[in-house]
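**Q** Next come the chains, spelled out residue by residue.
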Amino acid sequence: MMTRRFIVEPRGLASPRLKLAVPIASVIAALVVGGVFLFITGENPFAVYAKMLDAAFGTGRGFSETLVSATPLILTGVAAAIAFKMLVWNIGGEGQLLMGAVAAAGTAIWLGDGAPAVLLLPAVILAGGIGGAIWAAASAIPRVYLGTNEIITTLMLNFIALNFVNFLIFGSHSPWRDPVVATFPSGRPIAPTARLPEFFNRLDAGIFIAIVIAVAAWYLLEKTRWGFAVRIVGDSSDTARYVGISVPKKILGVFLLSGAAAGFAGGLLVSGPVGALDPRSLDLGIGFTGIIVAALARLNLVAVIPVAILIGALSNAGPSLQAIGVPAATVTMLQGAILIFAVAGEFFVRNRLRRPDRVSEPILEAGEPA
Amino acid sequence: MERINMAFTRWRVFATLLVAFALVAAACGGDDDADTAGPAQPAEVLKVAFVHVGPVADKGWSWAHDQGVQYLKAQLGDAVEITTLETISEGADSQRVFEDLAAAGNKLIFGTSFGYMDPMLAAAENFPDTVFMHATGYKTSEGMGNYFGAAEEGRYLSGMAAGAATETNLIGYVAAFPIPEVLRGINAFTLGAQEVNPDVQVQVVWTSTWFDPPKEKTAAESLLDAGADVIAMHQDSAAPGQAAEAAGAKWVGYNTDMTEFAPTAWLTAAIWNWGPIYLATAEQVIAGTWKSEAFYGNMAGGMVALAPFGDSVEQATRDLILEREAQIKDGSFSVFPDPIINQDGESQPLGDIFGMDFFVEGVIGSSSG
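Residue numbers (the working numbering), protein chains in the order written: chain A, 213 to 582; chain B, 4 to 372.
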């Protein structure tokens, strides 16, 4: 009884104020610890943070680049959040993004210059979503009907997707490979009519499409009958079965939607800033980062949007910090520290630390006759 | 709606906090600027930036470029202000990095990896007042020149050392990407090895990496397991050499003198000297005489050289190699014959070496990766 150690206990429902305070406190803690680290390594923390903010939000070009980076992250964040919410552990966003890109670039090349832009562009982006969904189906169907572990299958399919993309560009003369410069393996540029026009530097309408998809996914899940049924499955599959909901179908649907969201990220990259099936521009871990985005957004499909923008800003700040003399390794450590603190803060939303002796009173009250 | 409102409220508070922090930070940063503005700077300082794909400490490709940067700094001193960015991924997003550098006032920007080519071309179009220089590519524009050198000359000579050293007559080659630059290197190396040892074969393994030491080491080990007793490589790390050293095999490096990583295995290497081109380009930009061109350096001009020999290279082999080196420099010997015998044993025209897409006779492996 006299121990002064803290115990960890679930908090139950956290108040809205707490849900706000914890992430802010974690970011401040991350900045303070990062600042101490920067100070020890001989940097001026204020100058470094000012540079980070300036690079990401300070100029029109900087902010537009932040949004360019955020666009695929919103979608891979939605992919992870929508699946995790239903306890579907799809960590294959990376592979689904790549296969979405394969489908999008393939559609653009197949339909070619002939098709009018009004048809071609939507077809290319849609193909991205379909490609992602098909790749997700390769894990979803065995999960639903055979009970295989989707963590393993989605993870492994990431590597297969990446090697498939490398094969299309480096290992074969596929239609995806640029035939004009046959000896330099690179993706075949898609027709300009299949590209989203840039309206501010490299920023295109992809950011709005991503936001619309995120909000639509939120609406589907929170406001429709289908979404309601899916949420019951996520809370308790036994309850769902009891009230007559087809659990396998719901899980399959969520899995495919998740894959489609990641596939849209690939489609928007191909029809947007990349413009080809280019492994070097696509193999950046955007699918994995989406899992971090979803975790920080607490699986809220709308909160994914600002979180993706912040993560995009954080990752873009790296080269700018190197330009003011902060070593590359220090930048990576700082970025990692900020992420770890932000994720760790989530723990305190769900749990709290308490001294055991303070807890004891109500328990005694309940247990002993008065 | 409640959830969406909550998310936005949360975001708004977050954003407000960030802005407040920015103002504080900017205020502090401002003081800092005032302090450094004190000492008088030379009137005309050329801001020069370098972007590398790997860490400059790789002791390979990026390090060799950074040695050139140090040379430029030593020669021009305060007349240049240099920014170096390392481990910048290739691909579409690198355009942002190049444009940020141009927007920050850099008037001369070098990108030292193949995959920066199209992003730099796009950046050059958006920043016409900035000179862009791309290494190893094949595209130029009004604002972007490119530069590279005939590594194949050094490769041929290092192949001679390898051909003399092998006892199994099988040399393993850890190759990067199936692009002409790499294929030229493999072919020149093989021809050099065959000159001193007609029975030699060169087995190629692709890693699809420029700098990934564990992967490159594994590739070297697979070649050693297959019976190779000399390892050559293209990537920026010394990992294949360390694998060779551990297996008691020999090693031909690349980029820089890497003797220290595998002193027993080391034979020699084709190495780079980038300093002169960096100095010449900076001087042209300062003088306003720079014009976009495709520059291809060679051994005679000093951009490519041969690293010091390892102890195990016999004197007779050294003499032979140095004799060839002299002939390459005076132009009396060229590395690639025309016509040339390809992998299938057929004679074919040499064609444009900048678009080389085939292997010569004696190479085992696929030239398409």
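The hints are simulated quantities; they were obtained by calculation from the structure and are not laboratory data. Keep in mind the model is a prediction, meaning the values are calculated, not measured. Ideal Cβ placement from N, Cα and C applies to all residues, glycine included. Please note that a few of the clues may not be correct.
[Said to hold, decoys possible] Not the full set, but computed from the structure, chain A residues with beta-carbon under 7 Å of chain B: (1) GLU277; (2) LEU333; (3) PRO334; (4) PHE382; (5) PHE396; (6) PRO485; (7) ARG492; (8) SER493; (9) GLY497; (10) PRO531; (11) GLN534.
**Q** Using 7 Å as the Cβ threshold, decide whether LEU333 (chain A) counts as touching chain B.
**A** Given a least distance of 18 Å, the restraint on LEU333 (chain A) is violated.
**Q** Given PRO531 (chain A) was flagged as interface, is its beta-carbon under 7 Å from a beta-carbon of chain B?
**A** holds, 5 Å
**Q** Can ARG492 (chain A) be said to touch chain B, with a Cβ gap under 7 Å?
**A** With a minimum Cβ separation of about 4 Å from chain B (threshold 7 Å), the hint on ARG492 (chain A) holds.
**Q** Using 7 Å as the Cβ threshold, decide whether PRO485 (chain A) counts as touching chain B.
**A** holds, 5 Å
**Q** Does the nearest C-beta of chain B fall within a distance shorter than 7 Å of the C-beta of PHE382 (chain A)?
**A** Interface hint status for PHE382 (chain A): holds (5 Å vs cutoff 7 Å).
**Q** Does the closest beta carbon of chain B sit nearer than 7 Å to the beta carbon of SER493 (chain A)?
**A** holds, 3 Å
**Q** Less than 7 Å between beta-carbons is the criterion; does PHE396 (chain A) satisfy it with respect to chain B?
**A** holds, 5 Å
**Q** Answer holds if the nearest beta-carbon of chain B is closer than 7 Å to that of GLY497 (chain A); otherwise answer violated.
**A** violated, 10 Å
**Q** Restraint: GLN534 (chain A) near chain B, CB-CB cut 7 Å. Satisfied or not?
**A** Holds: closest Cβ of chain B sits about 5 Å from GLN534 (chain A), inside 7 Å.
**Q** Checking hints one by one. Is GLU277 (chain A) an interface residue toward chain B, by the C-beta closer than 7 Å rule?
**A** With a closest approach of 5 Å, the GLU277 (chain A) hint holds.
**Q** Any CB of chain B closer than 7 Å to the CB of PRO334 (chain A)?
**A** Status violated, d = 22 Å.
The structure shown violates the earlier hints numbered 2, 3 and 9.
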